[in-house]
Amino acid sequence: MTSTFSMDWLFAAIIFFIGAYCMAVSRNLIKQLIGLEIISKAALIALISAGALSGNTNLAQALIITVILVEAVIVATGLALLVKAYKVNGAIDIKKLNNMRG
Amino acid sequence: MTTELLSYSLIPLLSALAIPFLGRKNRKITEILANVTLLAGLANLAYMIFHPMNRNSGYAVFSFDGLTMSMLFTIYLVAICCVFFASVSGMVKSEKNSFYPLVMISVSAMSSMVLAKDFFTLYIFMEALAVTSFALIASEEGTLGIEGAIKYLLLTFPASALIIIGISLMLLAGGSLRFDIMSQSFSTAHFAALAFITLGFAIKAGLFPFHFWTPDAYQGAPAAVSAYLAGVVTKISGMYALVKICMAVRLFGENAHAISSSLLLAGVITLVFASIAALTQKDMKRMLAFSSISQMGYIAAGAATLNPIGILGAILHIFNHATFKTVLFLNSASIEKSVGTTDMRKMGGLEKNMPFTSWTSIIALFSTAGVPPLSGFWSKLLIIISLWITGFKFAAVVALIFSIVTLAYFMTMQKKVFFGKPKEELKEAKEASPSMLAPAVLMSLIIVFSGIFFPYVFDFLEKTL
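Chains A and B, in that order, give the protein sequences.
67 is the number that this note's numbering gives to position 1 of the first sequence; each next residue is one higher, with no gaps.
304 is the number that this note's numbering gives to position 233 of the second sequence; each next residue is one higher, with no gaps.
It is worth saying that the hints were derived from the structure and are not from the lab.
Mixed in with the good hints, there may be bad ones.
Said to hold, decoys possible - If the Cβ cut is set under 8 Å, some of the chain B residues that face chain A in the computed set are: (1) 202; (2) 214; (3) 240; (4) 242; (5) 243.
In this text, all values refer to a predicted model and were calculated from it rather than measured experimentally.
No residue lacks a Cβ here, since even glycine has one placed at the ideal position from N, Cα and C.
Please model the entire structure based on the sequences and the hints provided.
This is the structure in structure tokens:
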């Protein structure tokens, strides 16, 4: 059982890192949103693993479905903001968002 | 969730559903309905808090604590002030009917967060609150609001992932996510879980290394929204949870204290850094945003001492921060309306034209800086005393010195905006209308009276916490 545990969490950590890397290096807002999604998938894998290991699968399932719902709402809002940013700025480049300084 | 108080989160939600349908014919109805819902909630809460029968029994008939009660009161108070200001000032373009339903949903989400009894419920409503905040920040046409909202989204969503990882570690360790059952056993997995969750909420609260989104979000948001955001939204979504975690960690004993010590360090660095950053700002709203971050530092430091006095001081400071920061942001909105800018270099000598705005600003900034006998003095005093008696003497001295720096940057602001010779182009500036001034004056009266009658406030919180 312990070997599964370490594998799961190693996997979650790697996915989290991939998402963070995607957010750190890309300038495109859509790629940033994809990075966010990848990060949240890492969190979901951690939740699944925890539920399976503690024998609490029912609770974990309920939690995961709720988290997926929340994520969908957040990403929909993010895409709406992206569309509005494209309408205002004419680009989805993150470097254009630097009107406020100090 | 605490079911006895569930109506405080359900009624704003129903109101949010009703507003778009009722307001299709007549726009006035949306404003009236929003104001009436919040005012009724506030009156109801005030009746429950101040009724002598409830007071004398030490609130024994209810299953909640004074923290829940005072936070609910704060939420409704700030929300009614901002909604009233928005409806009378006409600065919110309600053509799309989206402002009032969004505010109602966020009030509902905040009330539910306060009533939550486990981490997962807290998480769900925190996300609901975040979604409404993105929409509110971006509700105005123009590029600044969009920029603030996108930064808020991109920089705080990883925090939610960290909180989920923390929750799953907690599931692994004990199987329960409730605040009260969680504290019965303690293991390494609990420690890691609390560390992740604390990190997540520290990002949401805008503590030092993660504060980048805060000034942009506040500056980019429309005027009434930034008062609402700075007053309660980010405080409830980040700081309330941190205070709650500190109250749980207090019961754990020595092992868990590394978390609270690092939170204390982050708090002290935040208050130092944000005060220094505020000194150099040119824009009024941005300076107020940095001042708000530095007050978050005080609250985190106070709560992280794990001392009853410190936690009490932190809760009081959340309430006081809500009152004085709402006054300052609403005043900046009035100035923006009559002058047309929030750039402090273009202002000067507005005191003759706007005496009420000037005086309420002075009361609020003295309270922020901790000048006795205003309410901000007492909460800061409690925080500094608790830092001193728990052995963080250096932190106590730093907190004391930087409350003088707070006074320094606010006096600079007051001098640039209100004092001195009136500029030629500002001679025509008009005082805001009486109904626009009403929220600021009400909040100033609350600041003065809760300062003068502080022993009663202290007594109330001490009895119920």
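How the hints compare with the structure:
1. 202: holds (5 Å)
2. 214: holds (5 Å)
3. 240: holds (7 Å)
4. 242: holds (4 Å)
5. 243: holds (4 Å)
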